[in-house]
Amino acid sequence: MADSPSHVVRMLVSGDVPDSSESRRRQVDWERQIESLDANQMELHQTLLKLIREQTGTFIRDMSVLRQEVSSLKGKQSVMEQSMGLGALGQPPSSFADRLMALEKFAGESDKNFASHAREVKALKDGHAALKDAHGEHATLPERIAYLEKLLGDSAQTPPR
1 MADSPSHVVR
11 MLVSGDVPDS
21 SESRRRQVDW
31 ERQIESLDAN
41 QMELHQTLLK
51 LIREQTGTFI
61 RDMSVLRQEV
71 SSLKGKQSVM
81 EQSMGLGALG
91 QPPSSFADRL
101 MALEKFAGES
111 DKNFASHARE
121 VKALKDGHAA
131 LKDAHGEHAT
141 LPERIAYLEK
151 LLGDSAQTPP
161 R
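UniProt numbering applies: residue 1 is where the sequence shown begins, and numbers increase by one.
It is possible that part of the hints are untrue.
Restraint-style ranges between C-beta atoms, simulated for each label pair [claimed, not checked]:
#, residue 1, residue 2, range
1, Leu66, Gly127, 20 to 30 Å
2, Met80, Glu43, 36 to 46 Å
3, Arg67, Glu43, 45 to 55 Å
4, Leu103, Gly57, 44 to 54 Å
5, Leu103, Lys74, 43 to 53 Å
6, Lys74, Ala97, 55 to 65 Å
7, Lys76, Asn113, 16 to 26 Å
8, Gly108, Ala130, 47 to 57 Å
9, Ala139, Ser83, 27 to 37 Å
10, Lys125, Met80, 31 to 41 Å
11, Arg24, Arg53, 38 to 48 Å
12, Asn113, Gly136, 44 to 54 Å
13, Gly108, Thr58, 45 to 55 Å
Each computed DMTMM-like pair below joins lysine to aspartate or glutamate, with the alpha-carbon atoms no more than 20 Å apart [what the hints assert, rightly or not]:
#, residue 1, residue 2
14, Lys122, Asp133
15, Lys122, Glu137
16, Lys132, Glu149
17, Lys74, Asp62
18, Lys50, Glu31
19, Lys50, Asp38
20, Lys105, Glu81
21, Lys132, Glu143
22, Lys125, Glu143
If you're looking for bench data, these hints aren't it; they were derived computationally from the structure. Virtual Cβ for every residue (Gly too), placed ideally from N, Cα, C.
Given these sequences and hints, build the entire structure.
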């Protein structure tokens, strides 16, 4: 307990200093320790400030990228809404009649598309049937071989002239 700081202070105040060189050495050691702690604290503070600046910079860059992505998505959404005839988001057609007309227009376009696709399917089916009929006119491989064997057999049996 003789080395505690409060004991040293009491000794200095009371004038009870057994060895002034020893107390002076301790005071110098404490001052060095305090300076070292202050330097460490300053270094830690500078490191923390550097990290905060880096994180803030990263946050700002990420926020900028997100803003660009949101802007791009909003643009795509408005293009999609316009192509679908919906107008701006949150602004539905003004009346029930307008909405009904939009649905009728969509149904009419769907009917036209359906008729067009039905014609295409019919044309494909007709082409397929024609190809199948043309294939039916050809002899099968066994029929062809039998025909060739018959020709060869007949010619082998007739005497040469």
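Each hint tested on the structure:
For the pair leucine 66 and glycine 127, the beta carbons lie near 53 Å from each other, so the given range of 20 to 30 Å is not met. Distance hint check for methionine 80 and glutamate 43: the Cβ-Cβ separation is about 55 Å, which falls outside the suggested range of 36 to 46 Å. For arginine 67 and glutamate 43, the hinted distance range of 45 to 55 Å is not satisfied, since their beta carbons lie about 36 Å from each other. Distance hint for leucine 103 and glycine 57: a CB-CB separation of about 52 Å, consistent with the stated range 44 to 54 Å.
Between leucine 103 and lysine 74 the CB atoms are about 26 Å apart, so this pair departs from the stated range of 43 to 53 Å. Take lysine 74 and alanine 97: their Cβ atoms lie about 30 Å apart, and the range 55 to 65 Å is violated. A hinted range of 16 to 26 Å holds for the C-beta pair lysine 76 and asparagine 113, which are about 24 Å apart. Look at glycine 108 against alanine 130: about 33 Å separates their beta carbons, and that is not inside 47 to 57 Å.
For alanine 139 and serine 83, the Cβ-Cβ distance of about 56 Å falls outside the hinted range of 27 to 37 Å, so the restraint is violated. For lysine 125 paired with methionine 80, a C-beta distance near 35 Å keeps the hint of 31 to 41 Å intact. The given range of 38 to 48 Å is respected by arginine 24 and arginine 53, whose C-beta atoms sit roughly 43 Å from each other. Range check, asparagine 113 to glycine 136: Cβ separation about 35 Å, and the 44 to 54 Å hint is violated.
Evaluation of the 45 to 55 Å hint for glycine 108 and threonine 58 yields a pass: the beta carbon distance comes to about 54 Å. Under the criterion of a C-alpha separation no larger than 20 Å, the hint pairing lysine 122 with aspartate 133 is consistent with the structure, at around 16 Å. The suggested pairing of lysine 122 with glutamate 137 is violated, with an alpha-carbon distance near 23 Å, which exceeds 20 Å. Straight-line distance between C-alpha atoms of lysine 132 and glutamate 149 comes to about 28 Å, which puts the hinted pair past the 20 Å bound.
The straight-line distance between the Cα atoms of lysine 74 and aspartate 62 is roughly 18 Å, inside the 20 Å bound, and the hint therefore holds. This hinted pair does not check out: lysine 50 and glutamate 31 have alpha carbons roughly 28 Å apart, beyond 20 Å. Restraint check for lysine 50 and aspartate 38: the C-alpha separation of about 18 Å stays at or below 20 Å, so the hint holds. Note on lysine 105 and glutamate 81: the hinted pairing holds, with a Cα-Cα distance of about 16 Å set against a maximum of 20 Å.
The hinted pair formed by lysine 132 and glutamate 143 meets the criterion: a straight-line CA distance of about 18 Å does not exceed 20 Å. Of the supplied pair hints, the one linking lysine 125 and glutamate 143 is violated, its CA atoms being roughly 29 Å apart against a limit of 20 Å.
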